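K.L.:
Listed below, chain by chain, are the residues.
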Amino acid sequence: MKQSNSLWKEALGDQIPPDLGAELDIFENEVILRKQGKIDEKVFAETRLRRGAYGQRYDNGKRHDGVESRTLAYPQTELTKGPHTLWDAPGMQRIKVPYGGLNAEQLEVLAELAEEYSDNIAHITTRQDVQLHFIHIEDTPALMRRLAAVGITTREACGNSVRNVTACPYAGVCRDESFDVTEYAKACAYFLLGHPDCQDFGRKFKIAFSGCDTNPCALVRIHDLGCIARVREVDGKLQRGFEVYVGGGLGTVPYVAKLYEEFLPVKELLPLAQAMARVFARLGEKKNRNTARLKFLVAKLGLDEFKRLVQEERAILTYDPRWDAIEDVAGIPPEQPARPAGLLQIGELPSDYAKWSSSNVYKQRQAGYNTITIALPLGDITADQLRGLADISRKYLNETIRTTVEQNIVLRWVADADLPKVYDELKALGLNAAGAGTIVDISSCPGTDTCKLGISASRGLAGELRMRLAESSLAAEEAVRDLRIKVSGCFNSCGQHHIADLGFYGVSRNKGGVAAPHFQVVLGGQWTENAGSYGLAIGAVPSKRIPEAVTRITSRYLNEKEDAETFQAFIRRIGKAECKKMIDDLGTIPPMDVDASFYSDWHDPRVYTIKDLGVGECAGEVITAIDFQLTACEREAFEAQLALEAGNIEKAGTLAYEAQLHGATALLNWRGHKHDGSPDGIVAAFREHFYDTQLFHDPFTGGKFAHYFFRAHERRNEPKTEEQTHHLIEETQLVIEACHSCYARLTAQPVGA
Amino acid sequence: MQHVNIKLFAEQPYPEDISKAIPVFHRWIQQKSMPGLLIDVADYAHVPQGPGIFLVGHEYHLSLDEVGGRLGLLFNRRESWEGTGVDALRSAYDLTIDAANKLVSEPEFEGKLRFNLNELEIVLNDRLLYPNTDETLQKLSAEFKEFLDASFGGTYTIKRAFADPRARFGVHAVRA
Chain S
1 MKQSNSLWKE ALGDQIPPDL GAELDIFENE VILRKQGKID EKVFAETRLR RGAYGQRYDN
61 GKRHDGVESR TLAYPQTELT KGPHTLWDAP GMQRIKVPYG GLNAEQLEVL AELAEEYSDN
121 IAHITTRQDV QLHFIHIEDT PALMRRLAAV GITTREACGN SVRNVTACPY AGVCRDESFD
181 VTEYAKACAY FLLGHPDCQD FGRKFKIAFS GCDTNPCALV RIHDLGCIAR VREVDGKLQR
241 GFEVYVGGGL GTVPYVAKLY EEFLPVKELL PLAQAMARVF ARLGEKKNRN TARLKFLVAK
301 LGLDEFKRLV QEERAILTYD PRWDAIEDVA GIPPEQPARP AGLLQIGELP SDYAKWSSSN
361 VYKQRQAGYN TITIALPLGD ITADQLRGLA DISRKYLNET IRTTVEQNIV LRWVADADLP
421 KVYDELKALG LNAAGAGTIV DISSCPGTDT CKLGISASRG LAGELRMRLA ESSLAAEEAV
481 RDLRIKVSGC FNSCGQHHIA DLGFYGVSRN KGGVAAPHFQ VVLGGQWTEN AGSYGLAIGA
541 VPSKRIPEAV TRITSRYLNE KEDAETFQAF IRRIGKAECK KMIDDLGTIP PMDVDASFYS
601 DWHDPRVYTI KDLGVGECAG EVITAIDFQL TACEREAFEA QLALEAGNIE KAGTLAYEAQ
661 LHGATALLNW RGHKHDGSPD GIVAAFREHF YDTQLFHDPF TGGKFAHYFF RAHERRNEPK
721 TEEQTHHLIE ETQLVIEACH SCYARLTAQP VGA
Chain A
1 MQHVNIKLFA EQPYPEDISK AIPVFHRWIQ QKSMPGLLID VADYAHVPQG PGIFLVGHEY
61 HLSLDEVGGR LGLLFNRRES WEGTGVDALR SAYDLTIDAA NKLVSEPEFE GKLRFNLNEL
121 EIVLNDRLLY PNTDETLQKL SAEFKEFLDA SFGGTYTIKR AFADPRARFG VHAVRA
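Each protein sequence line maps, in turn, to chains S and A.
Residue 323 in our numbering is what sits at position 323 of the first sequence, and the numbering runs on without skipping anything.
Residue 47 in our numbering is what sits at position 47 of the second sequence, and the numbering runs on without skipping anything.
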């Protein structure tokens, strides 16, 4: 699309490292060959994904515009960049930022790219990446060259590969860390980047590093491989190492990572990661993407067997000198301040400084220095703001900038004396929002704004909550202030809703034949202690009533908490049944002809729809039997959660399985399909009428949720651990969601039909 | 002339809520109110001095833009242009004026939004082709003059829009 695309290679010349330049030449040729139809679309899709070039919503050429689903008439109607992905449709470019580290020049190039190829916005993700949207595939080679010239690669930003290696953004300045993990994260990222042992995974592989085990800066326990810094004394000498966790992950069914080793000496870090990658590549699922993450392999093999296999693999690895070189990073000089600490001049403080300072300024362990968090609304930052930050980072720091998993940016090493000046300069850029790390600092995935999998408008909801909470006196209360809200547009958890105090993920509900956007409310997740435990869904609330749900839940906590009781402890004490009572009445909404606002999503006036279908005509229709039956399934799933909470694992497992069975039965009965009423008979009939026909298939995940059901049926009589039951309940919730979606798809008709 | 951007500035007082452009732009997509392929609407009203409400298109984007702290309607040509530079400017300008006229007559903005037709910002959205230098201005001045003489008429001043060498090349034209 850009006239200058072909000129950048020459213009940048030797600013691009030769190896990376050669890779980009290959990628550019692949773009050309695909355009000529000489590369298969599936192969090209994986090729571009491994370069971080992702699809976006409506790239199949269909979009519901509020009246009907219409074809987007892109110029090239036959040419695709992957299955069902049209060539000319705008896409997303993910840019890997290892450990979140950026310098001023890199910020400036990101600004240039946002302006020239995107929509003037760079978006910080929950894994410290940067994303640009609305990019044409033919612009991507030039864009990647410009990044390469400042030391950034997009290689393996998406696809079945080792994704961005994340790390605590306070590493090196944190008051609680064992040691600075920065250089270890960096060494790990570049060791595994393009490594031959990491090229044959069935799914992605995520790694995180944290300097401590308490703070929520790196969320180690939601990763495939997580490392927490540890120091031990051996023969009178201090030795650095890591407490290692494996097999964590959010996604549809979240798994908390298991402790793999209490102390791994740093020189064993890279060989362990390599050995683990080889085991994952060799034994990980390849055909079924839904069970292909490492967490499923660890669960399938058991931790001991997995560990034995990794150790076996480690023993036969060919020596790589980089393994030992990592020990040298301890000798790398630490970051230095650009200016003397000086003294904060109290008398000169700007009027709104105190509020900002209380939430956005972190006193570093180095006396006289601070790390400032720039709270980005929804992770968004403009090109001008990026350049402004580059200027600030040159003027006041040694360009020590990092992105965070809470979609913010931090400036490290700000001298005490400079704080008011830096504040003033941030204010001039519109980057002085207070509330970093508080209830108003809400994380969100892109949701229906740009993601193909989005079910509800997560950014719309997050924006609305942020605006309302910022004005609310409730959010100013200390106990409520430090809660975290995280929002995902669907069950895939990119917004990390499982680890929030108040988490939400998008679902749809059929109300009188009309689809309405909803969010499942997830309470009791823990973001501290590196995401130590996950919450469970307590019920779906119409999207437009989520702010009311937040007010009710937080008000009750404020009014009824005992002394210093935390929110999680409060939720545990009152129990999920009581939590559910708080939101139950919010589920009822007026018919569409009485109040249409419930049938469109936040900041999107179009009539809500899933799958580009319109809404039915029967807004005033009475509730049908299936509506009641699916509601009963949800109740059963909820009772299963309560049983688990009470320690009755067997009952919880039975209830969860039965909820799935009843969901399938509801669909069968609704469509008039006969069955003998026995579990085997129901499963057989369901398989015949909903699975084999693909009626139950989700447009994007296929038969995944039916597989959950079949597996639950096969294993219904096997004893289960608490963790397995927890997973079964999560899967049950998703099977019920799939029943709702199937019902909605089969009943919804285009407007005017 | 490639990737021409034109911004028409709004007159103060600005409308209280620019997010009212969201339903307007959705209607434009629905009703194909502008030429070319309009794809989707992105809401950046939450970003200070940002792209505001953004209408994503294939050939060009349109946005009710707040960059620089000044509200305006921004036209951004994405596709390569095969005609002359003057035609590129004229085409971009005509589309911008057309969109501005439509926007001010939409019920959400009627009487609440006006554009100043005596002022214009033109940006060439490609740093490699158009470095932000006096030389670029000199090189393109004849085309700018021809376009502005025809479209603006009368007496006007023109100068480089941004002093920062990192910015894109652009000019700011004001009718005297």
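Quick caveat, the hints were computed from the structure, so don't treat them as lab data.
Every value quoted in this text rests on a predicted model; they were computed, and no experiment measured them.
Treat each hint with caution, since some may be false.
Unchecked claim - Below, simulated DMTMM-like cross-link-like pairs (lysine to aspartate or glutamate); rule was C-alpha separation at most 25 angstroms, straight line:
| # | chain 1 | residue 1 | chain 2 | residue 2 |
| --- | --- | --- | --- | --- |
| 1 | S | 581 | S | 639 |
| 2 | S | 258 | S | 464 |
| 3 | S | 581 | S | 560 |
| 4 | S | 9 | A | 79 |
| 5 | A | 20 | S | 471 |
| 6 | A | 145 | A | 164 |
| 7 | S | 452 | A | 59 |
| 8 | S | 62 | A | 79 |
| 9 | S | 62 | A | 164 |
| 10 | A | 139 | S | 65 |
| 11 | A | 102 | S | 65 |
| 12 | S | 9 | A | 135 |
| 13 | S | 651 | S | 560 |
| 14 | S | 307 | S | 723 |
| 15 | S | 720 | S | 305 |
K.L.:
Now tell me, hint by hint, if it's right for this structure.
P.N.:
A quick look at each hint next to the structure:
Distance restraint check for residue 581 of chain S and residue 639 of chain S: the Cα-Cα separation of roughly 13 angstroms lies within the 25 angstroms cut-off, and the hinted pair is therefore satisfied. Distance hint between residue 258 of chain S and residue 464 of chain S is unfulfilled; the C-alpha atoms sit about 36 angstroms from each other, more than 25 angstroms. Our distance criterion of 25 angstroms between C-alpha atoms is met by residue 581 of chain S and residue 560 of chain S, whose separation comes to about 15 angstroms. A hinted pair counts as satisfied when its Cα atoms are at most 25 angstroms apart, and residue 9 of chain S with residue 79 of chain A qualifies at roughly 20 angstroms.
Only pairs whose Cα atoms come within 25 angstroms are accepted, and residue 20 of chain A paired with residue 471 of chain S is accepted, the gap being roughly 21 angstroms. Only pairs whose Cα atoms come within 25 angstroms are accepted, and residue 145 of chain A paired with residue 164 of chain A is accepted, the gap being roughly 23 angstroms. A distance of roughly 22 angstroms separates the Cα atoms of residue 452 of chain S and residue 59 of chain A; the hinted pair therefore holds under the 25 angstroms criterion. For a cut-off of 25 angstroms, the pair hint linking residue 62 of chain S to residue 79 of chain A stands: about 21 angstroms separates their Cα positions.
Of the pairs offered as hints, the one joining residue 62 of chain S and residue 164 of chain A is violated, with about 42 angstroms between alpha carbons and a cut-off of 25 angstroms exceeded. For the suggested pair residue 139 of chain A and residue 65 of chain S, the alpha carbons sit about 44 angstroms apart, so the restraint of at most 25 angstroms is broken. For the hint pairing residue 102 of chain A with residue 65 of chain S, the CA-to-CA distance comes to about 19 angstroms; that is within 25 angstroms, so the pair holds. For the suggested pair residue 9 of chain S and residue 135 of chain A, the alpha carbons sit about 23 angstroms apart, so the restraint of at most 25 angstroms is met.
Pair hint residue 651 of chain S plus residue 560 of chain S does not hold up; C-alpha atoms about 31 angstroms apart against a cutoff of 25 angstroms. With a CA separation close to 19 angstroms, the supplied pair residue 307 of chain S and residue 723 of chain S stays within the 25 angstroms bound. Distance check on the hinted pair: residue 720 of chain S and residue 305 of chain S sit about 19 angstroms apart at the alpha-carbon level, within 25 angstroms; holds.
In the structure shown, a violation is registered for the earlier hints numbered 2, 9, 10, 13, in ascending order.
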